[in-house]
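A.B. asks: Each chain, written out:
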Amino acid sequence: MHPYRQLNALGIIAISAMLTYAFADQFVNHELPCPLCLLQRIGFVAVSIGLLLNVTHGPRPSHYGFAIAASVAGGAMALRQVSLHVIPGTPGYGSPFLGLHFYTWAFLLFAFMIAAIAMISSLPRQYDDLGWLQWRQQPLLCKLAIVVITIIISLNALAAFSECGPGTCPDNPEQYWLFQD
Amino acid sequence: MIALLFLLFFVTAGLALRGKKSLALAGAYLSLFLSLLWFLHHASDELPILL
Numbered sequence: 476m477h478p479y480r481q482l483n484a485l486g487i488i489a490i491s492a493m494l495t496y497a498f499a500d501q502f503v504n505h506e507l508p509c510p511l512c513l514l515q516r517i518g519f520v521a522v523s524i525g526l527l528l529n530v531t532h533g534p535r536p537s538h539y540g541f542a543i544a545a546s547v548a549g550g551a552m553a554l555r556q557v558s559l560h561v562i563p564g565t566p567g568y569g570s571p572f573l574g575l576h577f578y579t580w581a582f583l584l585f586a587f588m589i590a591a592i593a594m595i596s597s598l599p600r601q602y603d604d605l606g607w608l609q610w611r612q613q614p615l616l617c618k619l620a621i622v623v624i625t626i627i628i629s630l631n632a633l634a635a636f637s638e639c640g641p642g643t644c645p646d647n648p649e650q651y652w653l654f655q656d
Numbered sequence: 201m202i203a204l205l206f207l208l209f210f211v212t213a214g215l216a217l218r219g220k221k222s223l224a225l226a227g228a229y230l231s232l233f234l235s236l237l238w239f240l241h242h243a244s245d246e247l248p249i250l251l
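Keeping their order, the protein sequence lines are chains Y and S. Quick note on the numbering used here: the first sequence kicks off at 476 and runs consecutively. Quick note on the numbering used here: the second sequence kicks off at 201 and runs consecutively.
Source of the hints: derived by calculation from the structure; they are not laboratory data.
Derived, one-sided and incomplete: chain Y residues facing chain S with beta-carbon distance under 7 Å:
id	residue
1	L513
2	L528
3	T531
4	H532
5	A545
6	R555
7	W607
8	I628
9	S629
10	N631
Computed footprint of chain Y on chain S; a stretch qualifies when at least three of its residues, placed anywhere within it, have a C-beta under 8 Å from a C-beta of chain Y:
id	segment
11	201-209
12	213-226
Don't be surprised by glycine CBs; every beta carbon is placed ideally from N, CA and C.
Please build the complete structure, drawing on both the sequences and the hints.
C.D. replies: Right, here's the structure in full:
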């Protein structure tokens, strides 16, 4: 039932898992994300909004188009941060994960998502599944994806506010704005 | 400001869940545009290690 909506829901859950890992790293290892790191999280959230529209209203080229545009934007943000640390002998920002820093992983994942979304959007049969589905009509996997991404976005909003406050984030944050001395 | 961007995407998700597709898509593009503007502001950041 609604297989392509469920495929998009899987994509949302995968993005949520990545954001949850980054979020956990922030609190477990006490590593404050830099502004560019937070903007990359926004890039992932933006991609998930494109996929969420596919879940709620059925897959449409306009939704996939937004997800690809968001992936390109997120990739540009990640690449900018990679370029800050690409000079030999320059330490990276934060702890590496499986040998690569988070921003390098982010760039690779955005590039992967551009390719994956472009390929999935070329499958024609999914566009027959039209119309908005109410909450009770959604498959279980879609409900799970909706709940998870909503929680992730709201937690990230709270964390970003506690770190940066209403203004500009410092380039190299060392303490939370909300809890500073 | 970054918290506000997350909040905008949260509202956009709410619009999608309420069935307001056109508003949600417009809100999503507006949020992405504002995120890119804020990225341009931060793109000139220089970490202390590079100074």
